[in-house]
Every structure is written in C-alpha cells, then in structure tokens.
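Let chain W serve as the given structure and place chains Y, U and D with the ligands on it in line with the hints.
One-letter residues, chain by chain:
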Amino acid sequence: MDLRIDVAEHGDWSVLQIRGEIDIATAPRLREQLISLVNDQRYQLVVDMEAVEFIDSTGLGVLIGALKRVRAHDGDLQVVLTNTRILKVFEITQLDTIFRISPTLDAVVAG
Amino acid sequence: MDLRIDVAEHGDWSVLQIRGEIDIATAPRLREQLISLVNDQRYQLVVDMEAVEFIDSTGLGVLIGALKRVRAHDGDLQVVLTNTRILKVFEITQLDTIFRISPTLDAVVAG
Amino acid sequence: MTSPDAGVETEVELVELDLPAKPEVVAVARLVVGALAAADPMFSEDRAADLRLAVSEACTNAIQAQRSRSNGSTVIEPINLRFELTPGCIAVTVEDHGGGFDPGELTTHPNITDPERLHHEGGLGIPLLQFLTDDLEFKATEEGTVVAMTFLSRADDGFEH
Amino acid sequence: MTSPDAGVETEVELVELDLPAKPEVVAVARLVVGALAAADPMFSEDRAADLRLAVSEACTNAIQAQRSRSNGSTVIEPINLRFELTPGCIAVTVEDHGGGFDPGELTTHPNITDPERLHHEGGLGIPLLQFLTDDLEFKATEEGTVVAMTFLSRADDGFEH
Ligand SMILES: Nc1ncnc2c1ncn2[C@@H]1O[C@H](COP(=O)(O)OP(=O)(O)O)[C@@H](O)[C@H]1O
Ligand SMILES: Nc1ncnc2c1ncn2[C@@H]1O[C@H](COP(=O)(O)OP(=O)(O)O)[C@@H](O)[C@H]1O
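Chains as they are written, first to last, in the numbering used here: chain W, 1 to 111; chain Y, 112 to 222; chain U, 223 to 383; chain D, 384 to 544.
Just chain W, same shape as in the assembly (with noise of 0.2 Å):
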C-alpha cells in the first residue's frame, strides 16, 4: 500500500526512484512530486519504475499529464522499466508507443 518516491539528479536528467504500487490511493502523492518537479523547471525527467510493484490506469494517467507538461516546455519523460507484468501494462494500453522506455538509467543518460 506504500508509494516511495525518491529524486536525484542525474546530469541533466531528474531521476524520480519510485518504490510500490501506484494506484488511486498513492497516484496523488506522484503527481504532486512530478508538478513540483516541473514548477521547478526540471523538464527533463526519467521514472524509474523498476521497483514499482503494481500500477493502474490512474498511475499512467499521471505519467500521461506530466509528458504534456514536460513537452510543453520541449522536454522529456522517458521511464526505466524491465518488469514484464508492468511492461505488459503499458503494452495494453499502447503507452510504450508514447513513452521512450529503456531498461537501464544508464541507457536514458546515454541518450
């Protein structure tokens, strides 16, 4: 039931570490943290979600609204993802057309 959110900055890139499940219940408390990134003009932004557990269409709603902020500002969310069951998710629904997903922080660095 918990939502872990860690940042750290990565060269130009915002690293948001996320840890658990991501649904109704904790989708707020992520996209507070992704506004506040982008209020603080952090445009550039990686979601780490190889420790996310669980996500629903409510997380990827929240992913879906910061892409538009950080396009609006001709930035970038790219996420990390390995996780087969979370893969599947964003394959359902299409999301992997939209989202640049890389299996290592260190290929999204690497540009």
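No lab work stands behind these hints, which were simulated from the structure alone. Note that the structure is predicted; figures quoted are calculated from it, not measured. Cβ coordinates follow ideal geometry from the N, Cα and C atoms, glycine included. Be aware that one or more of the hints could be misleading.
Below are the BS3-like pairs computed for lysine-lysine, each with C-alpha atoms no more than 30 Å apart in a straight line [to be verified]: (1) LYS88(W) / LYS361(U); (2) LYS68(W) / LYS88(W); (3) LYS199(Y) / LYS522(D); (4) LYS179(Y) / LYS199(Y).
Covered stretches of chain Y, going by a simulated chain D footprint (3 or more residues, C-beta under 8 Å) [stated by the list, open to error]: (5) 116-127; (6) 155-161.
What follows is chains Y, U and D with the ligands alone, placed relative to chain W:
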C-alpha cells in the same frame, strides 16, 4: 498459502525444512510428513522454521503431537528458529518451555 | 480452493467483500482477488496479476463514481465485491451506488499516438478491463452500476485473444 | 484508512467479508486484516501480526465448528467477518453457524509443562485470543457464535498487558 517441506538427514537427525504458512489448510501435510518419518523409525527430528512466515495453534498442535510420538520412542523433536514473530507465538503459549529452540541447525546437531 | 476432504462442496464458492468507498481499500480488493486466484492452481501468477489489475480498475471507477455523487453528503455507501469461484474460472462483480453511466456514450479519446491524446489522463480503465476479462458487462442498477467480469485461467499470458 | 481529502467520513469505517467455510480461506482473512492494520499508521507491523494470528485462530474455530456440524449435509454456510476501523482501534467479529459452545465449559488441559499436556494437540487457540486481544467476547447466536475481538494499536509488542 503455500507450504513446502523438505526432509534431509544430518547424522542422527532428520531435518524438516519448512517454508511458508502453517495453518488449518496446510498443517495436515506437515502432520502426515511427521507421522511418516516416525513410521520410518526416525525419532530424532529437527523442524527448521527459519523460512516459516506464519504459524497458529493448528500448526503448534501438530508439533505437540509429533513430540509426543517421538518421545514415546525416547526420541526428541527440536526447533530451529530465530524469527521473533514466530518465537513470540511459542512464548505466549509457553511452548518454548517444552520444545528446545535453537538459533541454528548446527547448534542442534552439535547437541 | 479445493481441499482434499471437500467432496461435499460441488457448488460454486462465493466470497463477498464490502469496502468503504475510499482510495485506500483498492489495495485490499487487489490482495483478496490475488489470493483467491493463487488458491486455484489453474490460474498462473501472470493471470492472477491480470485479475488484480482488472479489480483495481473496476474498484477505482466505483469509488470515483460514488465519491463524486456523494459530494457534500456525510455518508458514503460502501462498494460491494462478489467473487464466484469455480476451478479455472473466477467471476467478479463490483457494485457501486454512484449513479451509473452509459457505457455506450463514453467519450472517445483521440488515438494514443495522436499528440492530442496527452490532454486526457483518463479513459484507459475500461479498455484495460475489456482486454483483461473473458467477459465484461456493465449493468445499470437503480442506484449505480454492477460491473460483471469473468476471468478464465489461461495457459497463455493473456495477449492472445 | 485516512485519506487526505476525507474529512466527511468521521464515522467508523466498515469492511465486511463473507467466506466459504473452507480451510483455504483462512489465509485470505489473514491477508485482509493484515492490510487493514497496515493502512492505519498507528498499528505497528508487530501489532498487525497479532491481528493476523488472532483472526486466523477465530476463523479456524469457526470453520471447524461449521464443518463438523454440517457433517453429511451438502451445503456449508459461509462465515462472516466484520472489521470496524477507527484510528488506533480495529474491532473484528467472526460469525459462524456452527452450533455454538459454552466458553465457560471448556476442557481445562493440564499445565503446559506437565507431560500429560502432550496428549492434547488442541486448546491453544482461545488462550492465544485472550492474549492478543484488548477485548474478547463470545456471543451465542441462534445458529452459532460471534467472536468479537477488539485490538488497540499498542506502542509495545503486546507482551505487557
Ligand atoms: N462505475 C462507474 N460509475 C459511473 N461512471 C463510470 C463507472 N465506470 C466508468 N465510468 C465512466 O466511464 C468513464 C471512463 O472510465 P475509464 O475508462 O475507467 O477511465 P477513467 O476512469 O480514467 O475516466 C469514467 O470517466 C466515468 O465517467
Ligand atoms: N466458534 C466456535 N464454535 C464452536 N465451538 C468452538 C468455537 N470456538 C471454540 N470452540 C470450542 O472451544 C474449544 C477450544 O478452542 P481452542 O482453544 O481454539 O482450541 P482447539 O480449537 O484447538 O480445540 C474447541 O475445541 C471447540 O470445542
């Protein structure tokens, strides 16, 4: 909901390594396993509970029954256990006074 | 959910769960359906994950409907979940008193690859339900909606229907 | 179970769970009460483990009573669990239709250190319930028993009362 039981021989001792939860659903399997060892004339038993995640009075009852059986043949049943939550169940029921509980299998085998 | 000494219980097993319409309980609903699926050896862990996701979506919609409807009122009615268990099949209903909706009249969002789609954070739940279930029905009640979902255990990972 | 935007819900939160009287469902009951306790930040993980254990004991007794009573019959009634949640306090009732018993007339087993005690595998459940709960009541109903248990979140590990 799973219970896994592995049996190995360590010198004079038959060691049951138990993984999972011991309750009314799974205790019958543990009881059968213990009875079958006694039927095979294995009267020196160690129940390794390091990987047990839950036990309630149904599980404790099975251990009491097995202790009775091996004692009838001058045998013994000892427990390997360090998990404080499981230890607490032995303490509340005072079963820590009738079972010898050791922190490691080596401590049991060494006597 | 089969026990070696059963035999008498050939009928459907029924589990019912009433939860307050609060975001925090969706995790409880997921846990329950996950445990029920895990108890049926015909359901794989991947298929159990499908059930957790679908139940999460249905409960989220039920809670949102109920909370938005009861705006201002002090009493929020519970949501009711029913699980009917037969080997290889789990039927779940999620009932709310949230006023109902017409599933035929849903806003169609732009295609996912259309940049316009980014303006809509919602609308992913029902498509997910359609994908994850073997049968999906929305039934209007006097007070709200019953979402009836049927899940078959599938050998495959759910991508092939 | 408190949500930032709650406020309207000052009354008790109620969760209800009906389960078939089968050994396999006790794990589901444990999961639910564990999740409910985990959702109240006042309950420690150790105290949540107390609730899981107590609910397991109460459900085991309910299922045993119901199954032994329904011997031969084809329909086994469900058992009903209710959880009343207020911050720092969880009240749980487990109701069965197992015919009831007189808690004042329980067999007293020999003391645990008495070698005779080994002849009895049972009788540990109710003492555990007494230890783990802050209040425990057995209420006879027409058909069976309601076990009402109250759990307070405690700072300590439960050994000090
Ligand atoms: N149980 C329900 N009660 C009332 N309206 C519902 C219910 N379920 C779905 N809806 C309506 O259908 C719409 C689409 O649902 P969904 O695809 O899950 O996306 P989202 O909930 O993110 O909007 C919702 O916005 C809501 O208007
Ligand atoms: N819900 C119940 N319905 C009928 N009898 C019960 C119930 N709960 C407890 N009992 C009776 O009380 C006895 C003692 O219970 P308990 O201390 O849990 O030990 P055990 O269940 O191992 O015998 C049981 O054997 C049973 O006869």
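Structure-based check of all given hints:
no.: 1; hint: LYS88(W) / LYS361(U); result: holds, 28 Å
no.: 2; hint: LYS68(W) / LYS88(W); result: holds, 22 Å
no.: 3; hint: LYS199(Y) / LYS522(D); result: holds, 28 Å
no.: 4; hint: LYS179(Y) / LYS199(Y); result: holds, 22 Å
no.: 5; hint: 116-127; result: violated (count 0)
no.: 6; hint: 155-161; result: violated (count 0)
Checked against the numbered hints given earlier, this structure breaks hints 5, 6; the rest are met.
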